[in-house]
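> Read off the chains here:
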Amino acid sequence: MTSLYSGLIDGVLTGAVYALMAAGLTLIFGVMDIINIAQGVFVVLAAYLSYVLAAHFGVDLFVGILITMPALFILGIAVDWAFIRRLPARDRTTMSILVTYAVAIIVEGVLTIIFGVNYVQLHGWYVTKSIHLLGFYLPYIYIFGFGMAAFLMGVIYLLLYRTRFGRSIRASLQNRQAARLVGINVDRVATLTFGIGVAVTAAGGMVFGATTAFNPNSGYDLISRLLAIVILGGLGSMAGAMVAAISMLMVEDVVSSVWSPLWSEVVFFAALVVVLTLRPKGLFGRSFSRAQ
Amino acid sequence: MSRRGLIKPGLIALALLALGLFPFVFSNPTYTTIAVFTLIYMTATTAWNGFAGYSGYIPLGHAAFFGTGAYTFAVIAQHDHLGAGYGLFGLIPVCGLVAGLVALPVGLVALRTRRHTFVVITIAIFFLFQLVATNLGITGGSSGLQVVSPNWPGATFNDPFYFVALGLLILAVAASWTIRWSRFGLQLLAIRDDEARARGLGVRVGRVKLTAFVISAIPIGMVGAVYAYFVGQVFPQFVFDPLFDVSIALMAFFGGLGTVWGPLLGALLLEPLQQYLTLSYSVGDLYLIIYGVIFLGVILLLPLGIVPSVSDWIGRRRSRQERASPPAPAGGDGDARAGFLPHPEPDT
Amino acid sequence: MTALIEVEGICKAYGGLQALNLCSLTVESGTVAGLIGPNGSGKTTLFNVMTGYEQVRQGSVRFKGNPITNFTPDRVFKLGIGRTFQLTRIFPRLTTMENMLIATQHREGWLGSVFRTAASLGPERERAMELLEFMGIDGLATQPAGNLSYGQRKLLELAYVLVADPDVLLLDEPAGGVNPSLINHLAERIQELNRQGKTFLVVEHNMEFVMGICDSLTVMHQGAAIVTGSPAEVRAHPMVLDAYLGGADEDRND
Chain X
1 MTSLYSGLID GVLTGAVYAL MAAGLTLIFG VMDIINIAQG VFVVLAAYLS
51 YVLAAHFGVD LFVGILITMP ALFILGIAVD WAFIRRLPAR DRTTMSILVT
101 YAVAIIVEGV LTIIFGVNYV QLHGWYVTKS IHLLGFYLPY IYIFGFGMAA
151 FLMGVIYLLL YRTRFGRSIR ASLQNRQAAR LVGINVDRVA TLTFGIGVAV
201 TAAGGMVFGA TTAFNPNSGY DLISRLLAIV ILGGLGSMAG AMVAAISMLM
251 VEDVVSSVWS PLWSEVVFFA ALVVVLTLRP KGLFGRSFSR AQ
Chain Y
1 MSRRGLIKPG LIALALLALG LFPFVFSNPT YTTIAVFTLI YMTATTAWNG
51 FAGYSGYIPL GHAAFFGTGA YTFAVIAQHD HLGAGYGLFG LIPVCGLVAG
101 LVALPVGLVA LRTRRHTFVV ITIAIFFLFQ LVATNLGITG GSSGLQVVSP
151 NWPGATFNDP FYFVALGLLI LAVAASWTIR WSRFGLQLLA IRDDEARARG
201 LGVRVGRVKL TAFVISAIPI GMVGAVYAYF VGQVFPQFVF DPLFDVSIAL
251 MAFFGGLGTV WGPLLGALLL EPLQQYLTLS YSVGDLYLII YGVIFLGVIL
301 LLPLGIVPSV SDWIGRRRSR QERASPPAPA GGDGDARAGF LPHPEPDT
Chain V
1 MTALIEVEGI CKAYGGLQAL NLCSLTVESG TVAGLIGPNG SGKTTLFNVM
51 TGYEQVRQGS VRFKGNPITN FTPDRVFKLG IGRTFQLTRI FPRLTTMENM
101 LIATQHREGW LGSVFRTAAS LGPERERAME LLEFMGIDGL ATQPAGNLSY
151 GQRKLLELAY VLVADPDVLL LDEPAGGVNP SLINHLAERI QELNRQGKTF
201 LVVEHNMEFV MGICDSLTVM HQGAAIVTGS PAEVRAHPMV LDAYLGGADE
251 DRND
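So the protein lines, in turn, are chains X, Y and V.
Mapping of the first sequence onto our numbering: position 205 corresponds to residue 205, and the numbering continues sequentially without gaps.
Mapping of the second sequence onto our numbering: position 170 corresponds to residue 170, and the numbering continues sequentially without gaps.
Mapping of the third sequence onto our numbering: position 133 corresponds to residue 133, and the numbering continues sequentially without gaps.
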């Protein structure tokens, strides 16, 4: 029974962190029709940035996010300006997959050159100290990570629903042409959205790096999970991404604790395949017929 | 028409001759090794293009079929204690068939989704394959499988593999060409341009896509088997390698997605480069970066690829020379035109 | 004259918007019927419903007396109802001839088509060529359809819909955006096809075009058909003027 509880709680806590990163990915798609394959490697990049800040400058991981988040925001804007804006108009979404894949392998190459292929992990008192709960030990980092993810998702919600900028984002999400007509600078909204979508990987990357050993190659596993989550929840749906993230992580962690860690990942992807067979649009899939 | 009509078959004959003589002229095993890998990639890219280029759906998970072919070969060779030798090449069609059978359920699931979701789900399914291969006992887990190696003399060891790979390439190109100019190919191309309209006109869209998908998996399974036999061992991370898909996609785009000869050209130019980069000490670490940069360059600067751009250019020169009559369609690969209106895609 | 297509009581809503409101329409066999009305009156939606591109839960569509409500587009096509689109839907990367050949696919099983080369399509090619000649674009047969001008594409779309030899053709704004000389050519071709026995239902904004070729006109307004009659009757009908120009009260509420 303990393993079941630990699996469930692990799932919810890590699920929230994945939900944050997936929300960024799905937001980018919703506003720009772009699928950012580089999201996974950006998480790894963020983890390495946190690592450098902690190891070389003694900056606490959570404090470091104040630096890594703006840094990744700027990176996102740079990538959008340099590559996404120059995408050919036809088959834009498919092209974006290829372009961001290329960016991803470039970043992976750079990280490999700088850091090598050895696994590292982030350290902090909350990584090793744990709280005793329901018969098992839960490292504080999970709880703090959950808290931070929930906080950031709340911030995003407020941004989307309580600010003028957020309204511009939602308008562009629904009908780009109409948004332009009412004076919204759709391209700028898009760029800023891309920046935000990438910036959230800073937070996710830190928690990821603190809970898992990683190297530059870890991006593939991450992006395949994030993509599975986003598609399961329905491309473009933030609520869907959150529900899917928490559900899938819960399922995976329970399977891992109760049955076998080896097969838990398989279950993750198998679940995606099953859901898509029954419901090709995902759980909260939006209708794609938007006027452009 | 007669003089122009002879150029293409003439070039093909010349190319075949050159390819046939290659291992005897450049008999250094280093070169023939690179040649074998190049042929493998040329075949894989052509097969992939047979689906992706003609239908417009871009799968990035075909490495799953490469690995399936490789593992099928390794498993059968091991378990049936078959002796190494020429006879073992006979397993290759079997491996192709297995890959095709495996592609059937994969296609059934993946093709139900829209184009961009399709790309992503093929990636997810591919990772599923990789995970299963790494964890399953019969596939040797993460330590992979050994394959018996024939006792051929070192100097000419590569040659049989070279000719088998060449044979597979010829088959793949013949298949690609046949499909391109058949009714079936016409349906695929219509799907690429306007799937909903094609369906409305009675094209059996689902079956056509699935058929093309399965057909594209077979040569990839076969070259996976060749790889397994050639290299002598099968590791999950090498035969289920995400970079395989990135590579063949890049090669196809580079040469010209949707044309018959483009993928060949792309693989012919890029695979030796890839081999050089991975083998070369000094640039080994830069390999990923260089690849990524080339990919970016191709997508952003030359999205149509070499073959269509070149035939476009030739077509325009010809039309300047023949002022009165309309420009002749580019020889066989009339996909040169770009710049048409995007069609509206209602959600049906 | 028999009714070829009968539409009765169709209702279609998108969220809060009632696009079709108990819409009824009859197309008599052998006529050229026109469907006009202000923007947003539901003309294209009605076409979509009739040809299976939209589903409805209320109302019926009958063809030659048989119900075809909610049939899929390809089934509707096979029954003999052809349809063109406002924004022409042709296959831009295929040649004009290949566009025509796609329309003959429905007669063939998909497996056999792998082995049938495009070259073996003698009879289909001949028929396709005839139709291209009829529309006047046979010279463009080997051009990628993407190279055709807007007006030429409209002619192509009409041509390939004709390949299946449909009994009735639904044309959605065939003259929209086409230059005047081609419009006349188009009108003349439609009349010729009508003489050969084909029925037409044409949605158009171009009044000259419509008044010139149509035997009867139906006016739609806010999702329903409000008036049907000969062009002369409709032109003078007070309800029609009301619909197009809007009553004084309505303007103030806009």
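Mixed in with the good hints, there may be bad ones.
[As the list claims (entries may be wrong)] Distance ranges between label pairs, derived from CB positions: (1) Y:LEU17 to V:LEU79: 38 to 44 Å; (2) Y:ALA18 to X:VAL274: 15 to 21 Å; (3) Y:GLY206 to X:ARG90: 39 to 45 Å; (4) X:ILE74 to Y:SER309: 31 to 37 Å; (5) V:GLY136 to X:LEU181: 36 to 42 Å; (6) X:ALA178 to Y:ARG316: 36 to 42 Å; (7) X:ARG90 to V:TYR244: 36 to 42 Å; (8) X:THR128 to Y:GLY206: 53 to 59 Å; (9) V:GLN196 to Y:LEU269: 39 to 45 Å; (10) Y:SER309 to V:LEU22: 51 to 57 Å.
Hints are computed from structural coordinates only; laboratory data are not their basis.
This structure is a prediction, so every number in the text was calculated from the model and none was measured.
In this text, a Cβ means the ideal position worked out from N, Cα and C, and glycines have one as well.
> Of the numbered hints stated earlier in the document, which are not met by this structure?
1, 2, 3 and 9
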